[in-house]
Structure formats: C-alpha cells, structure tokens
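S.K.: If you read the sequence shown in the numbering used here, its first letter stands for residue 709, the second for the next number, and so on.
Don't read these hints as lab results, they were simulated from the structure. Errors might be hidden in some of the hints.
Computed spacing ranges between beta-carbons, pair by pair [stated by the list, open to error]:
1) E780 <-> A834: 43 to 53 Å
2) M774 <-> P879: 14 to 24 Å
3) R722 <-> F814: 20 to 30 Å
4) M742 <-> A763: 22 to 32 Å
5) L821 <-> R736: 50 to 60 Å
6) F724 <-> L821: 25 to 35 Å
7) H862 <-> K764: 36 to 46 Å
8) Q830 <-> K764: 34 to 44 Å
Virtual Cβ for every residue (Gly too), placed ideally from N, Cα, C.
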Amino acid sequence: MDRLTLRVPPDLIRRFDAAAASSGGRARLLRRLMEAAAQAPFPEAPTAPPARLAAKLGLRLTLADMVALEREAALRGQSRTQWAVALIRARLHGQPQLGRGEAIAFLEVQRELRRIGVNINQIARALNTAVMEGAVLDLEVAQLDAYVHEIRAHLVGVREAFAGNLSYWSPEP
Numbered sequence: 709m710d711r712l713t714l715r716v717p718p719d720l721i722r723r724f725d726a727a728a729a730s731s732g733g734r735a736r737l738l739r740r741l742m743e744a745a746a747q748a749p750f751p752e753a754p755t756a757p758p759a760r761l762a763a764k765l766g767l768r769l770t771l772a773d774m775v776a777l778e779r780e781a782a783l784r785g786q787s788r789t790q791w792a793v794a795l796i797r798a799r800l801h802g803q804p805q806l807g808r809g810e811a812i813a814f815l816e817v818q819r820e821l822r823r824i825g826v827n828i829n830q831i832a833r834a835l836n837t838a839v840m841e842g843a844v845l846d847l848e849v850a851q852l853d854a855y856v857h858e859i860r861a862h863l864v865g866v867r868e869a870f871a872g873n874l875s876y877w878s879p880e881p
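Use the sequences and the hints to build the structure in full.
M.R.: Put into structure tokens, the structure is as follows:
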C-alpha cells in the first residue's frame, strides 16, 4: 500500500480531527474523500505546466533550533520556510528581504514621495509660468524648500530601513 504524507497547520488538523471523529478517524475520512475525488472526472490538463522550483532543500534541526526558528519567523510575520528562504537569499544576493509589513511600509513611503513630487512639480510649474510678487514668490520658494527637506528625511528613513533589513539578515559579529 502507498503512503501519503503532508504537512498542515495545527489549527487545520484540529478542525479536521473534529470533523473526522464522527467518521471513524483521520485515515478513514481521508480514504473516503480520496475515493470521492478519484470518481470525479479528471480536470482538463493545463495548456502549460505550472512553473516549479528547480530544487528543494530539507533541513534537520534540533528542537531548540526549531523553536528559535519559529520564534524568529513569527516575529517577522513569516512561516519558517519563508524566513529560511529569506535568510539564504539575503546571504547569497546581499539584498534586503522584505516581509509583508515591510513591503507595505516601503510602498507607503514610495506613495508619499510620489505625492511630494507631484506637489513640487506643481510649484515649479507655477514658478515658471506665473508673474509673482516678492512675498508670494518667497512663500512658494519656502514651500519648495520644505518639500526638499521632507523628501530628504524620507530618503534617510528608507536608507536606514534597508540598512536595518540587511543588518538583520547578516551574521552577527
């Protein structure tokens, strides 16, 4: 008899066990579900096979290492596989590895910088086309200078965030 092994999240297995309790247990319910699926007509074959990764890596860790890995991954909002892949890619490529929260934050910074850029373009257009009195011109130039300082502050923050990300993935000295 062939054997089928799969990994599922703990809450899914608890819910499945609850559903399987009245059906004779996990194995019996799984066999029935598989029988039902095997009786269904085969789905149409896709025109192009799905892209697959070229290689798979398996790791054996001590319980203490696995606990530490789970904790680190959870702190970044990642699965342990996502965390391990990010660590490997950071070391191999020397590029920041962004978790979901970080990626959203960087998108927000990019959106804000675009907004500021639009405002600067509007000010520059106004300065180029309008005849302004001294006080009005000084006010516009002051606003433009404020935007320049705001952009510089955002860029420093982005640089620090990328440096922090790379530092996180780098080996500790």
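S.K.: Does each hint fit the structure? Answer for all of them.
M.R.: Now for the hints, and whether the structure bears them out:
Roughly 51 Å separates the CB atoms of E780 and A834, a value that falls within the hinted 43 to 53 Å. In this structure the hint that M774 and P879 lie 14 to 24 Å apart at CB holds, the actual value being about 20 Å. At roughly 36 Å, the beta-carbon separation of R722 and F814 lies outside the given 20 to 30 Å, and the hint is violated. For the hinted restraint 22 to 32 Å between M742 and A763, the CB-CB distance of approximately 29 Å keeps it satisfied.
Checked against the hint of 50 to 60 Å, the pair L821 and R736 passes, with Cβ atoms roughly 58 Å apart. The given range of 25 to 35 Å is broken by F724 and L821, whose C-beta atoms sit roughly 47 Å from each other. Checked against the given bound of 36 to 46 Å, the beta carbons of H862 and K764, roughly 40 Å apart, stay inside it. Separated by about 53 Å at the C-beta atoms, Q830 and K764 break the suggested range of 34 to 44 Å.
Consistency note: the structure conflicts with the earlier hints numbered 3, 6, 8.
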